[in-house]
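Protein chains in written order, with my numbering: chain A, 1 to 265; chain B, 266 to 522.
All clues stand as given, with none of them false.
Cβ-to-Cβ under 10 angstroms is the rule here; a few derived chain B residues that face chain A:
id: 1; residue: R374
id: 2; residue: G376
id: 3; residue: F471
id: 4; residue: G473
id: 5; residue: R480
id: 6; residue: L488
id: 7; residue: T492
The set of hints was computed from the structure by calculation and includes no laboratory data.
Note that this is a predicted model, so its numbers are computed, not measured.
From the three backbone atoms N, C-alpha and C, an ideal C-beta is built for every residue, glycine too.
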Amino acid sequence: MTPLPVRRLALLAPLLLVLPLAGCGDDSADTAGAVGAGGGEDVTLTVVAAASLTSTFEQLGEVFEQENDGVSVDLNFAGSSDLVAQIIEGAPADVFASADTANMDKLTAEDLAAQEPQDFATNVLQIAVPPGNPAGITSFQDLTEPGLALVVCAPEVPCGAAAQGVADAAGVSLAPVSEEQSVTDVRTKVASGEADAGLVYVTDVIAAGDDVEGILFPESDAVLNRYPIAPVADSEQADLAADFVELVLSAEGQQILADAGFGAP
Amino acid sequence: MRSLPRWLYVPALVGASFVLLPLAAIVARVDWPNFLTLVTSEGSRDALWLSLRTSGVSTLLCVVLGVPLAMVLARTSFRGQGLLRSLVLLPLVLPPVVGGIALLYTFGRRGLLGESLEVLGLQVAFSTAAVVMAQTFVALPFLVVSLEGALRTAGTRYEVVAASLGAGPSTVLRRVTLPMVLPGLVSGTVLAFARSLGEFGATITFAGSLQGTTRTLPLEIYLRRETDADAAVALSLVLVLVAVVVIGFARQGRGSL
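The following block holds chain A by itself, in its conformation from the complex:
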């Protein structure tokens, strides 16, 4: 009979792994309750935003934390379609900022936006070339030169849809050597010199610093990419979520976005 207690204890081992998690769950429920009762200590606001918003939303998050005592902003950056899929599958989110209207529409279609989404920024495409512009690109038409290694986003992602729209408007058909998954993939392939040119957003060229050079082209006006933002429905921090959206739309928020190269909505 002596080994039995040991066996019983061993049986509990898997439970020990789960218990701390259960503890976490209780804690957050308690804090949420405390806020509801007018407390306001150590609340977390989860903001999920398109990857292209990384640096600007990090700044906005800091501003929001300074303005709201006891609130910490958790930022989660990824491709807009990944994020909206995660929210629909039940991932925790209080605010969603998308890089295009199509993905925000998916959220509203599921009745998961607490308010009507509002556009807070715009972005246009620019040609990115490696430093020194080895292929001598000067215009959008140059991108069709035979032998040029052009990299764009796949039409399935927002930056690729924009590239397609610009090419259609310019009456040019592009023959890229690769259609990348995200705008950062395009930028890194240009920065490494692997590609001669790529189509990215103005803000990506600014964020890349000296790694790439940007070439403005008039045809880019044909497609204006709009960034909408909305508080997520059923958020436990509905008021804070609305406040964060307000900050993004405020003069201060707009200045941070403008500094990074975003256009006004």
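Following the hints, complete the assembly by docking chain B onto the known chain A.
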């Protein structure tokens, strides 16, 4: 068989469900009425065909390069051998995207060997060859590890006997060593094929993504998620089925030998 402590079955069951439940979830999410239409679209067929072709070639490369490498690691000893083994097996634990970056800085246009390759008129970037290189890079250690293990387990007794009876080194290799470790070689080869088939990170970093040229099935699935979740799920199931066939083949190969 009855010597296993009973409590062991609890975590074992949890472990098995942890792996099997997500697979069942994929099956549950498949849009069955449209399944065939989804997996037979032009993009899907191109991706599947490209995946099978490139994985086949990279598996062949793994055998051609990996068998001699495993032999050298298992049957010789030299200074720094332990270090060499660890380094060669590094892609096993390295995130594939790091492998892709490493390949880019080696064979890319501005890489270590890129300029020499360009002089020879070879451009690896954005080509199907780049996909094969990425797959070989990540899959090679799988073959080397299983073959080296088989070689060490088999020992050298029969090889010594064969050599003492007058067989030359090549004859010993062909008639004694290789037949003896064939099960290990088969499972290593199948593992390498399966790893190549699933390769994603190194490919997207090093080779890019273009339908019919570099967009393999995992890349196609990742891209389809953006607009067509049903197609992504259907294609995922295809990849799961191919993997099941490959594993079944490996088990059978091992069992019959």
